[in-house]
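Given chain A, work out where chains B, C and D should sit, using these hints.
4 protein chains.
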Amino acid sequence: MSNPIRVRYSDTDQMGYMHHSNYLRFFEVARLEWLSSLGISYKKMEQSGIWLPVAHASVQFKVPSYFDDELRVKVTLETPPKASLLFSYHVFNQDETLVSTGKTKLAFLNAATGRPMRCPDDLYQVLQPYF
Amino acid sequence: MSNPIRVRYSDTDQMGYMHHSNYLRFFEVARLEWLSSLGISYKKMEQSGIWLPVAHASVQFKVPSYFDDELRVKVTLETPPKASLLFSYHVFNQDETLVSTGKTKLAFLNAATGRPMRCPDDLYQVLQPYF
Amino acid sequence: MSNPIRVRYSDTDQMGYMHHSNYLRFFEVARLEWLSSLGISYKKMEQSGIWLPVAHASVQFKVPSYFDDELRVKVTLETPPKASLLFSYHVFNQDETLVSTGKTKLAFLNAATGRPMRCPDDLYQVLQPYF
Amino acid sequence: MSNPIRVRYSDTDQMGYMHHSNYLRFFEVARLEWLSSLGISYKKMEQSGIWLPVAHASVQFKVPSYFDDELRVKVTLETPPKASLLFSYHVFNQDETLVSTGKTKLAFLNAATGRPMRCPDDLYQVLQPYF
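Protein sequences appear in the order of chains A, B, C and D.
Under numbering that gives the first Met the number 0, the residue at position 21 of the first sequence is numbered 20, and the numbers go up by one with no gaps.
Under numbering that gives the first Met the number 0, the residue at position 126 of the second sequence is numbered 125, and the numbers go up by one with no gaps.
Under numbering that gives the first Met the number 0, the residue at position 45 of the third sequence is numbered 44, and the numbers go up by one with no gaps.
Under numbering that gives the first Met the number 0, the residue at position 114 of the fourth sequence is numbered 113, and the numbers go up by one with no gaps.
Simulated from the structure, these hints should not be mistaken for lab results.
All values reported here derive from a predicted model rather than from experimental measurement.
Keep in mind that a hint or two might mislead.
Any copy will do: because identical chains look the same in the list, a pair fits if it lies in one copy or spans two.
[Claimed, not checked] List time: in silico DMTMM-like cross-link candidates among lysine to aspartate or glutamate, alpha-carbon distance up to 20 Å:
1) 81 / 121
2) 42 / 68
3) 42 / 69
4) 73 / 32
5) 43 / 94
6) 42 / 77
7) 104 / 77
8) 43 / 67
Just chain A, with the same shape it has in the complex (with noise of 0.2 Å):
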């Protein structure tokens, strides 16, 4: 589970509801963050040339969500990664009540030729616990 993120004024739109599209940047926050915790800066792997663009993104709005709420994001990776990493997300809030459901797939891209590529192998080590 991701540490709290909370909805930030900004985030609301005019229904009073956290505006749907910020879902899929707290994804990110979380995936980011649930790399991190594996000893896998993103930062890092980006500078030595490896992007993962998003290339597909699902997101299922079950309850609004409002300002000041505190969300955590269940991060889990869906299968072994090969040209990619599927992850699927929940969302809860301060109330255990899961607000959103999602899932993005991002491509492993060699920065330097623009090209698909294959998950690095000791990337590839570190997640075997998880699928």
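Leaving out everything else, chains B, C and D in the frame of chain A:
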């Protein structure tokens, strides 16, 4: 096809791509413009107590978008509206390249009661030629 | 000093900097946290019909912030509150470097009437030790 | 005067206002469009190694902007460019009401060295009629 939506500098991320979360915002701009072209003001609809929060969204990212790109979004109503509106989106850049596709499901909500409702009759009539 | 606010990937722009507009959002996070630490819930204040829209803001950008930086914001109440609250901000990164400073003036607004109002007495009492 | 910039649903906050941080984004859109109207592509300038990060910004919020408002921004170059560009902004809505004003100072930066530089000669020539 929507009016062109120019990718702003503030939409980019450090990969030099438009951050993927912005596609959900562009879908929203395009569907409200599409409704507006049929004489439906989402602003007035909301003021009359009918909300349309997003219940589900998915995005397929095909090629990146960049700062200053001019994106146009083809909006399609997928099914006859009942308790929700299902839209699909095809986003093209200035080179006519398909950069992303997506779908969103929007649920009709009675703002006063917070309860789901069916598509209002007058809206159904206006949308009828499109499904 | 605020809790650390981590620069998100979605906060960056194609220079690799945190986009400058985000500082206004971070100021907001920090001042609401500061008020919260004094027992003042902005959420409840707003629900009670008192709004605090920003009337003026200025930001001095000293050095860039980067993805994954941990910023902390020192919030200072500048003057006794009358019809508005004047805050100043000093933003430091994880190396204790001052990355930006700023000021915002927030005007008390009666949400029901849309008219300016004076700082409520109970809020004035709570803020008194800080001006 | 810039092309109209429509306030998006995602730009609003729970007061029903456009969130104030968006004005900095709109200033950016307007000044890049203004430069573009003089034949200056910021995209190409950046690719040639000249960056223009914001060094200082201020915004005066006069009346709120709302979802679906059409804002136009008058951009004025304030002083002859030396190591920086100083712009002022006047933002009007569809009723010709002045909704906000602002200033930004942008510093010329040699991207390769990370050091300040003077306004390039060719840019200076193009800007000369405007200061």
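Status of the hints after comparison with the structure:
no. : hint     : in the structure
1   : 81 / 121 : within (13 Å within a copy, 50 Å between copies)
2   : 42 / 68  : between (28 Å within a copy, 10 Å between copies)
3   : 42 / 69  : between (25 Å within a copy, 13 Å between copies)
4   : 73 / 32  : within (11 Å within a copy, 25 Å between copies)
5   : 43 / 94  : between (35 Å within a copy, 18 Å between copies)
6   : 42 / 77  : neither (23 Å within a copy, 37 Å between copies)
7   : 104 / 77 : within (10 Å within a copy, 24 Å between copies)
8   : 43 / 67  : between (32 Å within a copy, 11 Å between copies)
In summary, the one numbered hint that this structure violates is 6.
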